[in-house]
Each structure stands twice: as structure tokens, then as C-alpha cells.
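A.B. asks: With these hints in hand, go ahead and build the complete structure from the sequences.
Residue numbers (this note's numbering), protein chains in the order written: chain A, 1 to 435; chain B, 1 to 276.
Wrong hints could be hidden among the right ones.
Claimed, not checked - Listed below are the simulated BS3-like cross-link pairs for lysine-lysine, each with C-alpha atoms no more than 30 Å apart in a straight line:
{"id": "1", "chain 1": "B", "residue 1": "K269", "chain 2": "B", "residue 2": "K171"}
{"id": "2", "chain 1": "B", "residue 1": "K214", "chain 2": "A", "residue 2": "K154"}
{"id": "3", "chain 1": "B", "residue 1": "K269", "chain 2": "B", "residue 2": "K214"}
{"id": "4", "chain 1": "B", "residue 1": "K269", "chain 2": "A", "residue 2": "K97"}
{"id": "5", "chain 1": "A", "residue 1": "K346", "chain 2": "B", "residue 2": "K214"}
{"id": "6", "chain 1": "A", "residue 1": "K346", "chain 2": "A", "residue 2": "K396"}
{"id": "7", "chain 1": "A", "residue 1": "K346", "chain 2": "A", "residue 2": "K154"}
{"id": "8", "chain 1": "B", "residue 1": "K146", "chain 2": "B", "residue 2": "K171"}
{"id": "9", "chain 1": "B", "residue 1": "K155", "chain 2": "A", "residue 2": "K97"}
{"id": "10", "chain 1": "B", "residue 1": "K155", "chain 2": "A", "residue 2": "K154"}
Stated by the list, open to error - So the derived list for chain A, only partly shown, Cβ under 7 Å to chain B, looks like this:
{"id": "11", "residue": "Q30"}
{"id": "12", "residue": "R33"}
{"id": "13", "residue": "V412"}
Said to hold, decoys possible - Each pair of labels, with its calculated beta carbon distance range:
{"id": "14", "chain 1": "B", "residue 1": "T228", "chain 2": "A", "residue 2": "P38", "range": "25 to 35 Å"}
{"id": "15", "chain 1": "B", "residue 1": "G212", "chain 2": "A", "residue 2": "H81", "range": "51 to 61 Å"}
{"id": "16", "chain 1": "A", "residue 1": "P74", "chain 2": "B", "residue 2": "P254", "range": "24 to 34 Å"}
{"id": "17", "chain 1": "A", "residue 1": "D89", "chain 2": "B", "residue 2": "D229", "range": "33 to 43 Å"}
Just so you know, these hints were derived from the structure itself, not from any lab.
Computed from a predicted structure; not experimentally measured.
In this text, a Cβ means the ideal position worked out from N, Cα and C, and glycines have one as well.
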Amino acid sequence: MTDLLRRFGLAFAASLLLPLAAAHAQLTVQITRGVTTPIPVAVVPFGADGLPGVDVAAVINADLERSGRFAGLPRAAMLQHPTSSVGLDLSQWRLVKTDFLVIGRVLPDGAGYRVEFELFNVVTGEHLLGFALPAAAGGLRLAAHRAADMIYEKILGVPGAFATRIAYVNVQGAPGNRRWRLVVADADGENAQAVLESHEPIMSPAWSPDGARLAYVSFEGQLSAVYVQTLATSARERVSAHAGINGAPAFSPDGRRLALALSQPDGNVDVFVLDLASHGLTRITDDPAIDTEPCWSPDGRSLYFTSDRAGRPQIYRIQLDRGERPTRLTFDGPYNARPRVSPDGKTLALVTLDQGAYRIAALDIASGRSRVLSSGHLDEGPTFAPNGQTVLFASKDGGRGVLETVAVDGSVSSRISAAEGDVREPAWSPRVLAP
Amino acid sequence: MNPFLREHAGPLVGSTTLHIALVAAAILATWWQFTPKVTPPAAIQAYLAAPAPVHRAPPAAETAAPAPPPAVAAIQPPPQPAPPPVAAPAKPDPEIALRAEAARLAADRAAAQKRAAEDAERARAEARRQAEATLAERRADEARRKAAAAAEAAKRADDAQRAQRESDLAKQLAAEDHRRGAEDSGLQARYASELQAAIERAWNRPPTARPGLKCTVLVSQVPGGTVTDVRLGECNGDAAVRQSIIIAVHNASPLPAPPDPSLFERNLKLVFAPDD
Numbered sequence: 001m002t003d004l005l006r007r008f009g010l011a012f013a014a015s016l017l018l019p020l021a022a023a024h025a026q027l028t029v030q031i032t033r034g035v036t037t038p039i040p041v042a043v044v045p046f047g048a049d050g051l052p053g054v055d056v057a058a059v060i061n062a063d064l065e066r067s068g069r070f071a072g073l074p075r076a077a078m079l080q081h082p083t084s085s086v087g088l089d090l091s092q093w094r095l096v097k098t099d100f101l102v103i104g105r106v107l108p109d110g111a112g113y114r115v116e117f118e119l120f121n122v123v124t125g126e127h128l129l130g131f132a133l134p135a136a137a138g139g140l141r142l143a144a145h146r147a148a149d150m151i152y153e154k155i156l157g158v159p160g161a162f163a164t165r166i167a168y169v170n171v172q173g174a175p176g177n178r179r180w181r182l183v184v185a186d187a188d189g190e191n192a193q194a195v196l197e198s199h200e201p202i203m204s205p206a207w208s209p210d211g212a213r214l215a216y217v218s219f220e221g222q223l224s225a226v227y228v229q230t231l232a233t234s235a236r237e238r239v240s241a242h243a244g245i246n247g248a249p250a251f252s253p254d255g256r257r258l259a260l261a262l263s264q265p266d267g268n269v270d271v272f273v274l275d276l277a278s279h280g281l282t283r284i285t286d287d288p289a290i291d292t293e294p295c296w297s298p299d300g301r302s303l304y305f306t307s308d309r310a311g312r313p314q315i316y317r318i319q320l321d322r323g324e325r326p327t328r329l330t331f332d333g334p335y336n337a338r339p340r341v342s343p344d345g346k347t348l349a350l351v352t353l354d355q356g357a358y359r360i361a362a363l364d365i366a367s368g369r370s371r372v373l374s375s376g377h378l379d380e381g382p383t384f385a386p387n388g389q390t391v392l393f394a395s396k397d398g399g400r401g402v403l404e405t406v407a408v409d410g411s412v413s414s415r416i417s418a419a420e421g422d423v424r425e426p427a428w429s430p431r432v433l434a435p
Numbered sequence: 001m002n003p004f005l006r007e008h009a010g011p012l013v014g015s016t017t018l019h020i021a022l023v024a025a026a027i028l029a030t031w032w033q034f035t036p037k038v039t040p041p042a043a044i045q046a047y048l049a050a051p052a053p054v055h056r057a058p059p060a061a062e063t064a065a066p067a068p069p070p071a072v073a074a075i076q077p078p079p080q081p082a083p084p085p086v087a088a089p090a091k092p093d094p095e096i097a098l099r100a101e102a103a104r105l106a107a108d109r110a111a112a113q114k115r116a117a118e119d120a121e122r123a124r125a126e127a128r129r130q131a132e133a134t135l136a137e138r139r140a141d142e143a144r145r146k147a148a149a150a151a152e153a154a155k156r157a158d159d160a161q162r163a164q165r166e167s168d169l170a171k172q173l174a175a176e177d178h179r180r181g182a183e184d185s186g187l188q189a190r191y192a193s194e195l196q197a198a199i200e201r202a203w204n205r206p207p208t209a210r211p212g213l214k215c216t217v218l219v220s221q222v223p224g225g226t227v228t229d230v231r232l233g234e235c236n237g238d239a240a241v242r243q244s245i246i247i248a249v250h251n252a253s254p255l256p257a258p259p260d261p262s263l264f265e266r267n268l269k270l271v272f273a274p275d276d
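C.D. replies: Structure representation (C-alpha cells):
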């Protein structure tokens, strides 16, 4: 009996051992981190026979690179310049260590063009995209931005924000002879156009949700007033011109109301909501401290704002339909201001005092944890890209105001434009593009 | 008890009973022949009835012997009709009485013998049961013995093979030992972390690769670290994440060599699960 048991036991032990040995043959490795180094991509010059103007591939390449997530292959490193998938040899592109390949062509189409492009995964050989975009005569850049958006989304899983626009305030001239311009440009800084010029300060541009209008503060006549201007027609309306301060306009998500900071009627600055149709004014906060810089939550049911009611500027949230006291959201550091909420409503971009410098930080609203994103000394005016991936802000470069972008995870940043003069208070348009 | 007797007790008792019954009948018949013709009215009945026990006795005896318990019911009557013979010889009373007495004695004897037969039968059945039980036990013992013998034989037959197996196992264990030595010395952990670092360096995390993502990838490599196959297993990531993972593994090729050649793994399982 014992002998049997022993034999059985031995056999049992052996049977245990063998599968274990087999299991050993597969090592398990946990991957808990990644990098956000630029993804190598080759955007080959598009085929275009004697067509005017725009290097579509260069625009796409610049968009992808500016996002910080892509590194374009220099054209000098390209062994070939294919413009169609016929006879395309992807292994050639593997040799130059590119992960993705973009090829395409620009074809005349009526009065305008048709931009055809294709995207390949060089590593797996997969054909990821094939698309034809119509373009108006002057719309090749826009078509290129749209192509870049599609490529970005196919590779990164989130929509791009290249075919969008930015508004900012440009200040030129020496003190005493200053000129303020309200500028609207493509998201890459190109096609910059002044929509308003003034010898008095222009401040706080804000986009309507449909991208068709801008609200801003103008001091024309030495008094602050809030205007709403329709971009297509340049028609504008003065919507708030109370005595004292009229500042920091912000469109509600439905575009029908404007949140404002007003010192009316008692001289103390509080947050109000203005109904644009009825011009009815609703007081939202009522505190002896300064409450300003309101920002709507994406659902339109609460406002984030800056208040120094606790002594130093901090960020608070107030529910509009409840009549509760505002909730303080920031506790890190002595200064947190100018909140802007991400499109998904989960993150606030704000200005924080970090090691003696004003920098851009991202606050996770749910956890209360914040992360400093920028590294300048006087960074200000953060605004989210409509895809929520990038924060645009104003910084100082040798005393001159410039625009920079930073990924929301802080991983990559880039300079956007080198407009003449000072650049301040950028505002990134929503995804919907006005014609 | 003598085995022969035990074996044949039934027939013996039966035939003995039959003989006794026949003798009794013959005596009765002779007796009756010598009796003068006095025929009381009841005599006919008796007459008719009289031979019955005589004739019936033998069959009764015959059935008594082989028939087990059920026969008891059938046998019961004979002793009953036995009295008629008392009345049947309707000649001189004393003779009739004598004969009746004799018949009754014969019947009693038959009944006693039957009872003995029944007892014997019961004893025999009991003995049979015991014998059967003993036999079953013996057979079980036999079976056990045979099984043990077979096992023993099998064991002996197996010994060579087993020795071979154990030798193989020992070799394998030795290899494992070497490998485990390498593992224990932290070399395997180093290998894993080098693989991890190489792949993490190559993984361009798309924005949608957030904590909560879990993707399993089965990777085949050849010595030298060249990746030959990348298969995505379970993965809750979107298309961009899946694509980024596959590209990462290909771009990490050739994978780092293990610090000890014995640690090389042809098949790797990678679990992409970002923790921040």
C-alpha cells in the first residue's frame, strides 16, 4: 500500500512539475509605461501637375509635427516620392524607420481641387485610409488640415484639431502709441486676419459654440464694454456696458447666454449671466471678494470662476440651478486663476503660481490633483484645443508675448506662431468651422 | 455431518419415508383382506376414504422430501384423512382400531420425518449460504492476491521505464536547476525588466491608452531577439491602441538578449497595462 502511495505520489509530483516547466517557457512581461516620443511618419510630397500654391504635404507634415506626437521624415531622407499605391513598396519605408506613410495627389476639380490621400501602416503593411477631399480655390490649406485631422485620429484614436482656428490679441507699437488687434488665424497661425483694431485695449476674446461669433472686451472710449461680433459679416453688438467693469465674457454651451464679470451695481466684481436675446441679467455670485473669469461646464449647469474670497485667488465652482455656496476646487499653491474646462469636462487648465513663476497647470477635477504643464515665467491665458489634447497659452519669449501649445499630459510642447508684436489671450475655436 | 449425508439428506429422507409408507400400506391391505365382510353403512365412506391415505401417503412422502416449505400445506391433509382408516375397516372393531392406530402412527411418522426433512432443508440452506459466503470471501481474497500480484508484476515490468523516466527527469531537473539558479540570482528578473524597458521605450502611448487598459500580446522571438510574430490577445483598447502596441513590439525588435542564455524564451507574453 505505502509503496503504491509512494509511486502515486511520485507520478503526481512529476505531473505537477511538467506543466510548470512548460509554463516557464513563456515569460510574462508587464508594460506599465510608454513614451510620447514623436511617432515617425513620412508625408511624401503630393503629386500635383503645375498647380498653384500650396504644398499640401508640407502643411500636413507641419500639423502633425506641431501636435508634438509626430516626427516627419525629412524629404531628403525619402528614397522615392510615390504618389499612388500602385507599385508601392512599403519595405523601402521600413528601412528608413518610419511607422506610417502618407501619399497623395492634388487634382483640379471644377473651379477648385480634389485632394486625394492615403495612409499606410508601414510596420504591418495595412492600408489605413484612402480619402478624397474637395477644396475650394483658396481652400487647399484647409483641405490639408482636414487630411491631417483624419491621419491624426486614425493613428492616435482621438480627433485632430488642425482644421480649427484661434483668436488672440496682438499688441503692437511703443507705449503711448499702442495698437490692439483682435486676430483670427488658422490653428497653425496661418491666414491671420484682424477682425478688430483699436487704439484702446482689447481683451478676453471668447468663441461662440458654433464658431461663428466672438465675444470680447473693448475699452473704446476709455470704458470697458462687452461686444459680440459675427465673423462672417463683421457686424457687432455691444451687449454689456454697465458702469465700472464689464469683463471676461464666456458663451454658454447653447450659445444663448454670456457669463460675465461685472462690478455693477455696487462696485464689487461678481459673476453674472446675461441672456443675449432678452438682455436679462442674472447675478450668480454675491461676495465682497472679487469673483471673475467665469467658464461654463460643458453641460451648462455650473460655472467655474476665480475668487479671492479666501484671501488669494483660487478656483471655485457654482451650480447654477441650486443656490448653493460655491465649492473651492484648488488648494495647491497661493495662486490659481483663469480656469478653462476641457471639452470632456474633466480637467481644468489654469494659471498657477509655481516656484515663483506663473505657469499653466491641469487640474483633474474629480481627484483635485494638478500637474504643471508649462515651464515659462509669465504664462497665461490657457485654452483647450477642441479635441482636448492640447492646451494653447501665451508665454513670454525675451519679453515678447508668443503662443505655445502643450499636450495635456505635459509631454510635448511647441511654439505656434511668430506674429509681429505681443500675442496675448489666445482662444481656441470649437471644432465647427465657420465658412 | 458426513458430506454425503448432507448432500443427499433430502432424497434419503424421502425414500425412507416412501418405503415406510409402502410397508404400512401393505400391512394395512393384508390386514384388510383377512378381515371378514362386515360393512357398516359408514364403511363405504370409510372404504372409499380408506385407500386414499394409503395411496396418498406415498405421493405425500414423495412430495414431502423434495418439496421445501410450500409443500407443507399440501402435506398437511394426509394426516387428517388418516383417521378414516380407523372407521374404514368396518369389520371387527379392535382390528379396525389397531389398523387405524397403525395408520395414524405411520402418518405421524411421516409428518415427523417431513418436519425433520424441513429442518434439514433449512439447515442445508443455511449451510449453503455459509458456504457461498465463504466462497465469495475466498474469491475476493483471490482477486486481491491476483491484483497485488499483477501490480507487483506491472511494477517490475515498469521498473526499467521508470528508471529511464527518472533519469530524464533528473536531467530536466538539472537543467531547471541551472535555470532556477539563474532565476534565483535575479537574472530572470533582470531579463524581464530589460524586455520591459525595451518595449516601453518603443511604445508610443496614444492618448486613449489610459489606466484600466489591459492588452495581452503574445510575441515569438528567435535567438538573437528578432521578433517573428506578434499576436494581440485580449485587449480592451481601441484601434489606435492596438496598432500602437503591435508597432511597439515590432519596433523593439531585436529584443534584448537574456543575461544568461538558459533564460532565453522563444515565447513572451506582454501585458500592456499603463498604471498612470
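A.B. asks: Given the hint of 25 to 35 Å, is the C-beta distance from B/T228 to A/P38 inside that range or not?
C.D. replies: holds (28 Å)
A.B. asks: Would the pair A/K346 and A/K396 pass a check requiring their Cα atoms to be no farther apart than 30 Å?
C.D. replies: Holds, at roughly 28 Å.
A.B. asks: Between B/K269 and A/K97, does the CA-CA distance stay at or below 30 Å?
C.D. replies: holds (25 Å)
A.B. asks: When the nearest CB of chain B is found for A/R33, is that gap smaller than 7 Å?
C.D. replies: holds (5 Å)
A.B. asks: Next item in the hint list is A/V412. Is there a CB on chain B closer than 7 Å to its CB?
C.D. replies: This interface hint is violated because 11 Å lies over the 7 Å limit.
A.B. asks: Taking only the CA atoms, is the gap from B/K155 to A/K154 under or equal to 30 Å?
C.D. replies: Violated. B/K155 to A/K154 sits at ~66 Å, over the 30 Å cutoff.
A.B. asks: Are the Cα positions of B/K269 and B/K171 separated by 30 Å at most?
C.D. replies: OK: B/K269 and B/K171 at ~27 Å, within 30 Å.
A.B. asks: Per the hint of 33 to 43 Å, is the separation of the Cβ atoms of A/D89 and B/D229 within bounds?
C.D. replies: violated (23 Å)
A.B. asks: Taking the closest Cβ pair, is A/Q30 under 7 Å from chain B?
C.D. replies: holds (5 Å)
A.B. asks: Do the Cβ positions of B/G212 and A/H81 conform to the proposed distance bound of 51 to 61 Å?
C.D. replies: violated (42 Å)
A.B. asks: Are the Cα positions of B/K214 and A/K154 separated by 30 Å at most?
C.D. replies: Between B/K214 and A/K154 the Cα gap is close to 20 Å, so the pair holds against 30 Å.
A.B. asks: Going straight from one Cα to the other, do A/K346 and B/K214 come out at no more than 30 Å?
C.D. replies: holds (22 Å)
Violated hints, listed in ascending order, are 8, 9, 10, 13, 15 and 17; each of the other numbered hints is respected by the structure.
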